[in-house]
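S.K.: Okay, here's what each chain looks like letter by letter:
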Amino acid sequence: MVVERDEHGFDAPVPLGHPARASMPTDRVYGPAIGTRLPDFTLVDAFDRTLRLHEDRGQAPAVVVFFRSAVW
Amino acid sequence: MRDAYPHFEAAGVKLYAVSYDDTEALRAFTEGQSIPYPLLSDIDSEVIRRYGILNDQVKPGDAMLYGIPYPGAFVCDESGLVTARFFHDSYKKRDSAETLLHAALGQVKVDDAGPQASTLEDTIGISLQIRGGGGRIRQGMIRHLVVRFDIPEGLHIYGAPAPEGMQALSIRVDGPDGLIIEPMNAPATAPLHLASMELDLNVWQGTPEFIIPLYANGVLASEVRPLDQETIELTVTASYQACDDATCLLPTTQTLHLTAPLDVVDIPQLAIHQGHGQREGNYDATPHMRRLLKRKIKKTPFKFLKFIWRSLRLERAGKARRGQKD
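Residue numbers (our numbering), protein chains in the order written: chain A, 13 to 84; chain B, 2 to 327.
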């Protein structure tokens with residue numbers, strides 16, 4: 013395994029240029045902008061229970077985190 | 002986030018995490034790591050795509066990687082409107098759970114148990130705290146070094162530009178190689194007009210907090226080898242001058258020291274991470290990886306071979322670069 017640091021000094025178990033190290037470009041804003049409504053969604057959770065975002069959070073403020081994988 | 006979740010509950014803020022993993026993988030992760038909030042299975046990345054954060058640099062032929070998002074977080078208020086977004090120019094940079102919670106609350110409420118230091122010279126007290134994750138410094142994990150001034154009533158300190166001959170506030174942080182220190186976020190100054198001298202000044206009063214984001218990169222806390230040290234030392238040097246309406250104290254410099262713990266990266270139990278000295282999760286990710294690969298490559302098996310070939314070529318090119326450097 014070759015260990016290479018990128019321009020931030022971050023390293024990873026795969027070499028530079030590998031798609032696993034591709035990060036968000038800074039040329040534009042990706043995703044819902046501040047002030048717009050967070051798009052609703054219906055997904056199943058880890059125990060196969062269906063969850064609809066705005067219905068589940070009700071009147072509470074919420075944090076929705078998107079992560080790459082729990083597997084690798 | 003798991004460790005900070007009690008603060009979310011106490012504050013009435015909901016927390017959700019979304020990935021393209023199937024429910025079986027998310028269940029193993031939830032149980033093995035005792036995750037108290039919902040992990041949601043966006044199995045074909047439909048929500049990721051609809052949100053507009055699909056990593057489009059990763060192609061359908063990139064095996065298990067295809068469908069991943071640019072990682073980050075959205076915060077919404079009671080009515081569901083986005084009030085904050087946390088996305089960065091590297092997939093490695095992440096925000097502390099406390100940062101997300103404070104954004105959801107619109108204020109800092111959590112009393113974090115991170116490393117602290119304080120000093121009181123004869124007039125102005127300065128205290129330091131590292132907020133986020135108990136102050137544990139990890140690769141890419143953005144913590145907040147909070148420099149808080151305790152300015153007695155009647156006194157103020159100056160922001161730049163300070164009046165001629167006066168010391169504007171400056172804060173310098175020194176740390177080890179591989180600790181990345183970002184520009185300081187200062188609270189807004191208040192305008193102060195001194196009629197007697199016909200001066201318009203920008204000052205801070207009371208207990209202003211100056212926030213310096215920082216994180217480790219691979220030089221200090223590598224993902225692929227054990228840590229060289231267990232703690233790091235930070236030195237914070239603050240220079241300022243305090244005045245009241247009539248007189249000024251001498252310009253002052255205070256130096257504080259803080260010790261913060263270093264920590265490794267959390268990784269699943271998977272062959273690619275073995276032997277790197279990081280913290281393994283309490284679940285074997287290998288069967289989940291097998292299912293993930295099957296799901297991703299069953300339509301394009303030939304592309305998977307190309308992916309392996311490309312990965313090997315990248316590895317070879319990387320080794321050649323290292324060979325040239327050494």
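Calculated directly from the structure, the hints in this document are not laboratory data.
Don't be surprised by glycine CBs; every beta carbon is placed ideally from N, CA and C.
Hints are not guaranteed to be accurate.
[What the hints assert, rightly or not] Facing chain B, from chain A, some residues (calculated, C-beta under 8 Å):
1) R49
2) L65
3) A82
S.K.: None of the hints should be skipped; say for each whether it holds.
M.R.: Hint by hint, here is what the structure shows:
1. Hint on R49 of chain A holds. Least Cβ distance to chain B is approximately 5 Å, under the 8 Å limit.
2. A cut of 8 Å between beta carbons decides the hint on L65 of chain A: the least distance to chain B is about 7 Å, and the hint holds.
3. At a threshold of 8 Å, the smallest CB-CB gap from A82 of chain A to chain B is about 4 Å, leaving the interface hint in force.
The structure meets every hint from the earlier list without exception.
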